[in-house]
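Undergrad: Use the sequences and the hints to build the structure in full.
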Amino acid sequence: MIELNNKYALDGRDPNSYSGIFWVLGRYDRPWGPERDVFGKVRYMSSRNTRRKLRVAGYIERYAGD
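Start counting the sequence shown at 1; every next residue gets the next number (this note's numbering).
It should be emphasised that the hints constitute simulated quantities derived from the structure, not laboratory data.
Backbone N, C-alpha and C fix where the C-beta goes; we use that ideal spot for every residue, glycine too.
One thing to keep in mind: the hints can contain errors.
[Claimed, not checked] DEER-style ranges, computed between Cβ atoms: (1) Pro15 <-> Ala57: 37 to 43 Å; (2) Met1 <-> Phe39: 20 to 26 Å; (3) Met45 <-> Leu4: 32 to 38 Å; (4) Leu4 <-> Val42: 22 to 28 Å; (5) Arg43 <-> Ile21: 15 to 21 Å; (6) Gly33 <-> Tyr63: 30 to 36 Å; (7) Asp29 <-> Arg55: 21 to 27 Å.
TA: Structure representation (C-alpha cells):
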C-alpha cells in the first residue's frame, strides 16, 4: 500500500500521506462499545444509519444498472 501511495498519490512520501494510510487501516479509531457478536468492538454502520447520513436514493438512481 505504501509503494502505491508513494507512486501515485500527490502527497506520496509526505508524513501526512503516511497518516492517511494509517487512518484507513484504523490507527486513529477507538473501540466502540458495547461489544457485540460478529462485530466485536468494531464500529459499523447499519443500513438505517447509512440512509440517514448519505443520499442513498440519489446514489442508486445515478449508479444502478438498468
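Undergrad: Evaluate each hint against the coordinates.
TA: Status of the hints after comparison with the structure:
Taking 37 to 43 Å as the suggested C-beta distance range, the pair Pro15 and Ala57 conforms, at roughly 40 Å. At roughly 24 Å, the beta carbons of Met1 and Phe39 sit within the given window of 20 to 26 Å. Checking the proposed 32 to 38 Å range against Met45 and Leu4 shows it is violated: the Cβ atoms sit about 26 Å from each other. Under the hint 22 to 28 Å, the C-beta atoms of Leu4 and Val42, about 25 Å apart, fit the expected range.
Separation of Arg43 from Ile21 is about 19 Å and conforms to the stated range, judged on CB atoms against 15 to 21 Å. Evaluation of the 30 to 36 Å hint for Gly33 and Tyr63 yields a pass: the beta carbon distance comes to about 34 Å. Range check, Asp29 to Arg55: about 25 Å between beta-carbon atoms, so the 21 to 27 Å window is met.
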